[in-house]
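This is what each chain is made of:
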Amino acid sequence: MTLLALPSARDEAWRWSDLSALPALAERKPSGAPPHDLPWLGCAGPKLAFVDGQPVWQEALEPLAIGQVNIPPSDHALGRLVGKHGWKLKLGTDHAPAGLVQIIHVTTGGADHLPAKIVLESDAQASVIETFIGTGWINRLSTITLAKGARLMIARRLLADGGFVSLTDRAEIGEGASLTVTTLAAGQADSRLDGEIRLTGDAAFAEAGGALLARGRQRHDANLVVRHDGIGGMSRQVWRSVADDQATCSIAARVEVARDAQKSDGEQSLRGLLLARTATINVKPELEIFADDVKCAHGATVGELDADALFYLMSRGVPGEEAKALLTGAFVAGAIDRIGDEAVREAAHADATRWLGGAS
Amino acid sequence: MKDQMLKIENLHAEVDGKEILKGLSLAVEAGEIHALMGPNGAGKSTLGYVLGGRPGYEVTEGSVTYDGEDLLAMAPDERAAKGLFLGFQYPVEIPGVSNVQFLRTAVNAQRRARGEGEISAGDFLRIARDQADALDISMDMMKRPVNVGFSGGEKKRNEMVQMGIIDPRLAVLDETDSGLDIDALRIVGAGINRIMRKPDRAVLLITHYQRLLDIVVPDFVHVLTAGRIVRSGGAELAHELEREGYLNMADA
Chain A
2 MTLLALPSAR DEAWRWSDLS ALPALAERKP SGAPPHDLPW LGCAGPKLAF
52 VDGQPVWQEA LEPLAIGQVN IPPSDHALGR LVGKHGWKLK LGTDHAPAGL
102 VQIIHVTTGG ADHLPAKIVL ESDAQASVIE TFIGTGWINR LSTITLAKGA
152 RLMIARRLLA DGGFVSLTDR AEIGEGASLT VTTLAAGQAD SRLDGEIRLT
202 GDAAFAEAGG ALLARGRQRH DANLVVRHDG IGGMSRQVWR SVADDQATCS
252 IAARVEVARD AQKSDGEQSL RGLLLARTAT INVKPELEIF ADDVKCAHGA
302 TVGELDADAL FYLMSRGVPG EEAKALLTGA FVAGAIDRIG DEAVREAAHA
352 DATRWLGGAS
Chain B
69 MKDQMLKIEN LHAEVDGKEI LKGLSLAVEA GEIHALMGPN GAGKSTLGYV
119 LGGRPGYEVT EGSVTYDGED LLAMAPDERA AKGLFLGFQY PVEIPGVSNV
169 QFLRTAVNAQ RRARGEGEIS AGDFLRIARD QADALDISMD MMKRPVNVGF
219 SGGEKKRNEM VQMGIIDPRL AVLDETDSGL DIDALRIVGA GINRIMRKPD
269 RAVLLITHYQ RLLDIVVPDF VHVLTAGRIV RSGGAELAHE LEREGYLNMA
319 DA
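These protein sequences, in sequence, are chains A and B.
So the first sequence is numbered by my numbering: it starts at 2 and just counts up by one.
So the second sequence is numbered by my numbering: it starts at 69 and just counts up by one.
In isolation and in its complexed conformation, chain A is listed as follows:
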């Protein structure tokens, strides 16, 4: 790995990120030994696993493909590090893969950078789940293009035991098309999530949200911009952050509405839950509206567990730690319940429950 040019905390878009671990991770040699069991969901559909950036496992790959990925160069500080080889998902008009598309990214300790390209033609639809595990640095740049009426659901589970996961998305959503990206960070790695979603067609829909769970000295940092260019678009950004110990979760979410994007409907709900007074949660909701006939709402709150609810649960016999886990789980469910695919939603609930250390 050559010298890394990383942004500093003086850059507004990076002020809450701590990238100081990345140079060392970039120099580290991966062990090359992936775990025996990969966390596949028991669903039919294409399956693909990368270990340290190399495709090592695949099943019923079609319509997924691996190889050269042509995407426009990115000026994103981390996104620009990706190479030319990665994975593609291209669906023709009206097409849909048979079942859930599953991709697992494993890092055995080093750094790997991969591009991905998803193109859905008119009325095509797909449901994708990406799972990230291991101990190194996984860096991804994904471009998503949805033509008229296409529907794409992406769920991401960040379950790595350490290291860093950085995901950068660039999405364009055509007329009447719909994109839902839900991210659950329930591992021990730090993360940086960037998304730039543009509703280019009229009546397009975008939802970008998730749950960020952090403890110890962990840091999660999400930066999202949803831009309404078409008329009558709808966007939802629902995030739930939980921080314990000295951990930090940060979310900057912006809705931009262009001058001609009348009848746009944007909503943000950014909520944080502090499990310790030493933890930090930053929420930064932003609206930038140039059209005059729009409906945009945002709510941003940071708080602690409700002491009354905690006592109520304990008075019924639920031990304190279990009561906290139950209430925290209910808080997190506000984001996870928005996942439409039942198998994926159940898996995300199980991940969150495991993180909370409770048996449901």
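Calculated from the structure, these hints are not laboratory results.
All residues carry an ideal CB built from backbone N, CA and C; glycine is no exception.
One or more hints might be untrue.
Claimed, not checked - Computed, partial: chain A to chain B, Cβ under 8 Å:
| id | residue |
| --- | --- |
| 1 | Glu305 |
| 2 | Ala308 |
| 3 | Asp309 |
| 4 | Ala310 |
| 5 | Phe312 |
| 6 | Tyr313 |
| 7 | Ser316 |
| 8 | Arg317 |
| 9 | Gly321 |
Said to hold, decoys possible - Below, computed lysine-lysine pairings styled on DSS-like, alpha-carbon distance capped at 25 Å:
| id | chain 1 | residue 1 | chain 2 | residue 2 |
| --- | --- | --- | --- | --- |
| 10 | B | Lys211 | A | Lys325 |
| 11 | A | Lys325 | B | Lys150 |
| 12 | A | Lys325 | B | Lys223 |
| 13 | A | Lys118 | A | Lys91 |
Since the structure of chain A is provided, determine the placement of chain B on it from the hints.
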């Protein structure tokens, strides 16, 4: 001599540095139903919360034993596992946690604490359905988040459903009758009698009015004024209070 289930001696307790209970003594034995009455601000709810172990209610003097053990040394969940149930005047809403999930978690936690095995999902649902039916709460409501969107009366009936499922030995019920219309009062009163009127059970019924005591007839009535019990008697004392008010009680 019968088992002395609950023994409160010279209890002093304060909230935010203000002394509310000022030397309260009371003994409740198995098989008895005690009513605790008194004007607003007398310390009735404070006593309930002290017995339940609510944080912020500090005991400065005196003792409380339950089956001979120091109740005040136990965490709220330990008290519950030993058979104490606190019925809330204002039951708490818990968004995102269903009644069924909450109660199954509670019942299993109590069983684990007592060294018993967990209850199966099927057995639990059967018990939950029986108790909900008896209190005119639908299973649909049982699947909804705890108390969210429930009317005042529904919340109180839900407390009794919880009591029926948890099946405690000692119930401390804080103004379970407040906010109930006459039909709901009958349903709740019948629930208390059905679940708790047994030789090995006891109830401390904290109430403002005598109405509930026509249905749940107490063995003893105590009058709490300014943090102390100023008079005790039988069920007839409640009627006397209803006629004459609390004002003349302190001189008894």
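Hints, one by one, checked against the model:
For the restraint placing Glu305 (chain A) at the interface with chain B, the shortest Cβ-Cβ distance is roughly 13 Å, beyond the 8 Å limit, so the hint is violated. A least Cβ separation of about 7 Å between Ala308 (chain A) and chain B falls short of the 8 Å threshold, and the interface hint therefore holds. Contact between Asp309 (chain A) and chain B, as hinted, is supported at the beta carbon level, the nearest pair being about 5 Å apart and thus within 8 Å. Interface restraint check: Ala310 (chain A) against chain B, minimum CB-CB distance 5 Å, threshold 8 Å, status holds.
With its C-beta approaching chain B no nearer than about 5 Å, Phe312 (chain A) sits inside the 8 Å limit, and its interface hint holds. Satisfaction of the interface hint for Tyr313 (chain A) is found here, the shortest Cβ-Cβ separation to chain B being roughly 4 Å, below the 8 Å cut-off. The beta carbon of Ser316 (chain A) is positioned within 8 Å of a beta carbon in chain B (closest approach about 5 Å), and the interface hint is therefore held. Look at Arg317 (chain A): its Cβ gets to within about 4 Å of chain B, closer than 8 Å, so that hint holds up.
Satisfaction of the interface hint for Gly321 (chain A) is found here, the shortest Cβ-Cβ separation to chain B being roughly 7 Å, below the 8 Å cut-off. Between the alpha carbons of Lys211 (chain B) and Lys325 (chain A) the distance comes to roughly 21 Å, so the proposed pair stays at or under 25 Å and holds. The suggested pairing of Lys325 (chain A) with Lys150 (chain B) holds, with an alpha-carbon distance near 21 Å, which does not exceed 25 Å. Pair hint Lys325 (chain A) plus Lys223 (chain B) holds up; C-alpha atoms about 22 Å apart against a cutoff of 25 Å.
Between Lys118 (chain A) and Lys91 (chain A), the direct Cα distance comes to roughly 8 Å. Compliance with the 25 Å bound is thereby established for this hinted pair.
Against the hints set out earlier in the document, a violation occurs for number 1 only.
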